[in-house]
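Given the sequences, and given the hints that come with them, work out the whole structure.
Chains as they are written, first to last, in UniProt numbering: chain A, 1 to 349; chain B, 1 to 349; chain C, 1 to 349; chain D, 1 to 349.
No lab work stands behind these hints: they were computed from the structure. Don't take every hint at face value.
Said to hold, decoys possible - Straight-line distance between alpha carbons at most 16 Å, and here's what the computed EDC-like set of lysine to aspartate or glutamate pairs gives: (1) Lys207(C) to Glu40(D); (2) Lys207(D) to Asp72(C); (3) Lys61(D) to Glu40(D); (4) Lys275(D) to Asp254(D); (5) Lys166(C) to Glu263(C); (6) Lys173(B) to Asp174(A); (7) Lys278(B) to Asp192(A); (8) Lys207(B) to Asp67(A); (9) Lys93(A) to Glu118(A); (10) Lys278(D) to Glu263(C); (11) Lys93(C) to Asp72(C); (12) Lys278(C) to Asp192(D); (13) Lys278(A) to Asp254(B).
Protein chains: 4
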Amino acid sequence: MTAPEQLSVAIVGGSGYAGGEFLRLALNHPHLNVTQVTSERNANTPVSLVHPNLRGRTTLKFRKVADLEPADIVVLALPHGSAAKRIGEFTAKGRIVVDLSADFRLKDPAVYRATYGEDHPAPEQLAEWVYGNPELHREELVGATRIACAGCFATSVILALYPLLKLGVLLPKDITATGLVGSSAAGASASDSSHHPERAGSLRVYKPVGHRHTAEARQELPGNFPLHLTAISTPRVRGILTTVQAWVPDGWSDKDVWSAYREVYGQEPFIRIVKVAKGIHRYPDPMLLDGTNYCDLGFEMDPDTGRVVLMSAIDNLVKGTAGHAIQSLNISQGWAETTGLEFAGLHPA
Amino acid sequence: MTAPEQLSVAIVGGSGYAGGEFLRLALNHPHLNVTQVTSERNANTPVSLVHPNLRGRTTLKFRKVADLEPADIVVLALPHGSAAKRIGEFTAKGRIVVDLSADFRLKDPAVYRATYGEDHPAPEQLAEWVYGNPELHREELVGATRIACAGCFATSVILALYPLLKLGVLLPKDITATGLVGSSAAGASASDSSHHPERAGSLRVYKPVGHRHTAEARQELPGNFPLHLTAISTPRVRGILTTVQAWVPDGWSDKDVWSAYREVYGQEPFIRIVKVAKGIHRYPDPMLLDGTNYCDLGFEMDPDTGRVVLMSAIDNLVKGTAGHAIQSLNISQGWAETTGLEFAGLHPA
Amino acid sequence: MTAPEQLSVAIVGGSGYAGGEFLRLALNHPHLNVTQVTSERNANTPVSLVHPNLRGRTTLKFRKVADLEPADIVVLALPHGSAAKRIGEFTAKGRIVVDLSADFRLKDPAVYRATYGEDHPAPEQLAEWVYGNPELHREELVGATRIACAGCFATSVILALYPLLKLGVLLPKDITATGLVGSSAAGASASDSSHHPERAGSLRVYKPVGHRHTAEARQELPGNFPLHLTAISTPRVRGILTTVQAWVPDGWSDKDVWSAYREVYGQEPFIRIVKVAKGIHRYPDPMLLDGTNYCDLGFEMDPDTGRVVLMSAIDNLVKGTAGHAIQSLNISQGWAETTGLEFAGLHPA
Amino acid sequence: MTAPEQLSVAIVGGSGYAGGEFLRLALNHPHLNVTQVTSERNANTPVSLVHPNLRGRTTLKFRKVADLEPADIVVLALPHGSAAKRIGEFTAKGRIVVDLSADFRLKDPAVYRATYGEDHPAPEQLAEWVYGNPELHREELVGATRIACAGCFATSVILALYPLLKLGVLLPKDITATGLVGSSAAGASASDSSHHPERAGSLRVYKPVGHRHTAEARQELPGNFPLHLTAISTPRVRGILTTVQAWVPDGWSDKDVWSAYREVYGQEPFIRIVKVAKGIHRYPDPMLLDGTNYCDLGFEMDPDTGRVVLMSAIDNLVKGTAGHAIQSLNISQGWAETTGLEFAGLHPA
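Given below as structure tokens:
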């Protein structure tokens, strides 16, 4: 057989967890050829020193951004706020640019300002970017050359709520979403709050109100309703489990909710409805998703009150970041959507 | 100094975690003298074989219930449903009876039936029991001889909500409470869901709706409002962190919430308001409470929406079970309320 | 391109962790086609109920052994002692038989008896089986139709020690190997010792002396020397980290040890020497190996005493069981040795 | 009853884990009255901000060392090397000085130099200090005013080996000790290696050879024998489990080892021999010791080889640091030896 067509990839800011995860997935992707990874701090050292899972898998060394050469795809894995300020520099290097940060997710500069506390550095470019959520934007992603990867907590909230809101089912009451988040979501830099003795046994509410992903979720979800997010850190390293509290009309049953999910997500390759009557794995659990691109969704209704609890689980670094980006790239290039994302996950894990 | 007056204690069902925790605390209590501990399965073996933390602390051996002799205090640590069916047997053995199960918590037999799916075995006795929550029932506990220890998740919900509901502050909207619960809450018996490889990395929603403690919480909390509970198991062994989503009127601020907590809980020895502007320990965290009788409470307001997130953390086996019971006993007997409950908790832990 | 040749696979005893892991790897293997999985207890239920990571990956249902039909490869994942007693039944079903248990690892029936406390049920067959360790038995594995998968702790000990013993380097002193073992090594059945509250925080010596894998390690390792194993359970789910204490002659340096490893393992696709002077990942760590077939090896010398500490890390279910078996099968069939074993591992994890 | 006599205590360097643990224990000690705690970085902030378990337990604020006033007891909880350089400053402030660092543990300045790589700053004072291990130095501790608290890993090694070496039992072969150490042993400062995503799942050999506590252990243990230490970090926060590999003469049995431990440690209040034939808690396990001052000791013999595996478990911050210091102080002052150290430990935990 002939070798598959490959696009060259440069990862900018490749020493963090998001960049490292994109690298891991890309090294196993038949159509991607990572040729450059930047890290100012680690320039000239092998990437496998920072990402030790890649020992024996790549001989790439970090380089500085200043040494970046053109590539087919430039993947930006920089701290929030950094990509937008220098976006011209990066779009000049690659025909396709994928940003893993929050910089190009929000369409409305005023919402950006309200959310991030400063004016967007390149508001005129916002319209060019597609929000990198294949389940909501598959058609726009075809041929897209500017992909703004969706936020991890936002993704777990959006995918749980989208079907019921799209179909106009939910009552116009306050919707609350509580996310249990692993420590990798805070990034690769050590801090007092990530110090193992302070974190290993902790259940720590870190954003009871005011989570920035609220803006993304509101932008993407249909309808006009009050949405409230709360984020809690857990002792897991990866993963987000989100439980959403919402209300359906009188007479709705489990079966109706199931139908709604089926109708909207019927053919989605990375959405699984998990609602099992027996055994111990009855609902979504991030334990099963480390390294996978799945978003597992579940729900349970309270027949007495019309309350429905929606549940979603993802790996924040895969479906929440790098896998979502690869899936979006696959769509944009016309490759099979699951390419490079075949890992099934471990059990036990 | 003279030795303190001591009451003899018999613990019935002492091989589980609740009974073991009561034993641990009682062995360190100057007014309690544990003379009997029962376990059908472990009869004639030292209690320290089952509770290895008590090695060198006690030479007690388990006996069978059939061999129970009279004691001043009989503590029932039986599976739910077992105590009520044989309550006459136990009240005949001791002047004071403390039940750690759910059997005598609910006042209304109809609610009991709706919650536990069967008729209460001794409905005529329900009125004699005091709900063992000192913060709400301190005066009734004075001299009480029938104490029904409050449920662990219920306690975390009740103590978080009581001040704002007592003062009539909350808007009449749906209140949701999400509890993150440690594995010890499911008891000392091994099961598929407690098998370490299946549980260690899990974030598992186990009661999205229909949690039985809803009935307790509704009984104890003032006002008429929809209250919804969701319970999720976490990789911790002990501890519950509950976040409650509720709504306050326009114009309410953090300061007002703080005043409400202060007004209601001002002198409570085991309630701490945790809301710190700096550092990493800003809100309640069960990490700090293992082995202690504290209920740490916190809150945060969303100024844009009137949403308030209430947070409570407890050790499910102490403030959620055995410690709460000891505190209730201390009040009932006129002993200093903190007697035997002085442990401050560990940091780091 | 044409579809690759595929052999049909029947997994006997597929509800445990070893069988489940073989299934996970085989489903992703281009030359293997799993057509049957047995479980007496779970007959007629989907395998994904027991192995929830495989939801959406397979529609296979468990069947009973009595319903087993012929297959090219029969993989036995039964409790130790079960396969040998019925081996005729299984060899009648498949041309190639792979046993994941300990039944056919030991060559000498007397050693089997001393180790397992009973006579081997089929001693006449022992000579037909190849010990499934590709690094030591690659040539014998070519064309092999009876593969006895190596034990997990034994593998970690053997691979750490083999080069220095093969080259005759180690002094004839007592060698001790201490294995830190994850909870999945004890299997999928819940027990008192695997109950999460008893295991999550535990560091529990479970085999200070008398570990059965000592016999395997002695059989496979060259030379005549006293070898002593100690096994300790840790809070991890997967993984074994083994540290070996041994002694090299005067004048030996790190460089010499390194050369020995290189000489013996130079081209091994799944052996990585991990000895890094900087950063935090200086030695082998099972954290990086979940789901992978790597055995990472490291060492450090004490220049003052000639002591060398050898370190090995594996995933007990992959390189320690199912992955090792797949690697052996790949060799036996002439497929590329890494086929189906490409997963790189996660970081962070 | 009259209030007990109290000595005033100043803790120097009280923002770390060792100082915080001493503070926790001292606040509960009837003869100790902590009046000063220093921290340069946290001066003027409440100690409970840094040690949140002490909320509601103390109103002390940190002060700078420059503001230190005289106290009966000065406890030094400074980084290794800091106390000795300024020791005159501290001995001028208090009649009794307890050092929790390594600075005054070694008697021989040459050994200090070989171990710590620099000359001891106050070698003339070394002879004045008592090594703070009550089991070995109880008589010297009576009336002592300079107590050098023993190292944590050293303590676990020394207490395991002392009886068999004191009685001259062990064969003159290499003794190896492997310590599994919790993350709190590395202190309260965040670092790359303590970053939760890098540590939570890790089993990381951090000192395969060259551990500094080797010098302490050699100084304290009788006999002339080669002793080798290896230290491995585990996902626990507290605790050390040490397994020692040693050899006893032909004919020795479990019973003989037991007798040796009994003979030497018969009346020790904080030593427990843990060797149980049934159940899951057969050997020492640090899981049971968090917050306690126990050193649990166990052993198992290999009848075929004369190998004996000794096991010891401690809480590194209590019996390994602050509790050991309090116990030493209790002896020095003639207080009951267990005063302030009564906590039994939790189960489950």
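Against the structure, the hints come out as follows:
Straight-line distance between C-alpha atoms of lysine 207(C) and glutamate 40(D) comes to about 48 Å, which puts the hinted pair past the 16 Å bound. For the suggested pair lysine 207(D) and aspartate 72(C), the alpha carbons sit about 49 Å apart, so the restraint of at most 16 Å is broken. The suggested pairing of lysine 61(D) with glutamate 40(D) holds, with an alpha-carbon distance near 12 Å, which does not exceed 16 Å. The suggested pairing of lysine 275(D) with aspartate 254(D) holds, with an alpha-carbon distance near 10 Å, which does not exceed 16 Å.
Among the hinted pairs, lysine 166(C) with glutamate 263(C) is consistent with the structure: their alpha-carbon atoms are about 11 Å apart, no more than 16 Å. With a C-alpha separation of about 9 Å, the suggested pair lysine 173(B) and aspartate 174(A) falls inside the 16 Å cut-off, and the hint holds. The hinted pair formed by lysine 278(B) and aspartate 192(A) meets the criterion: a straight-line CA distance of about 12 Å does not exceed 16 Å. This hinted pair does not check out: lysine 207(B) and aspartate 67(A) have alpha carbons roughly 54 Å apart, beyond 16 Å.
Annotation: proposed proximity of lysine 93(A) to glutamate 118(A) is violated, straight-line Cα distance about 27 Å (limit 16 Å). Simply put, lysine 278(D) and glutamate 263(C) have alpha-carbon atoms about 47 Å apart, too far for the 16 Å limit, and the pair is violated. For the proposed pair lysine 93(C) and aspartate 72(C), the alpha carbon gap of about 8 Å is at most 16 Å, so the pair holds. In summary, the hint linking lysine 278(C) to aspartate 192(D) is supported, as the alpha carbons are separated by about 12 Å, within the 16 Å threshold.
At most 16 Å may separate the alpha-carbon atoms for a hinted pair to count; lysine 278(A) and aspartate 254(B) exceed this at roughly 44 Å.
Checked against the numbered hints listed earlier, the structure breaks hints 1, 2, 8, 9, 10 and 13; every other hint is satisfied.
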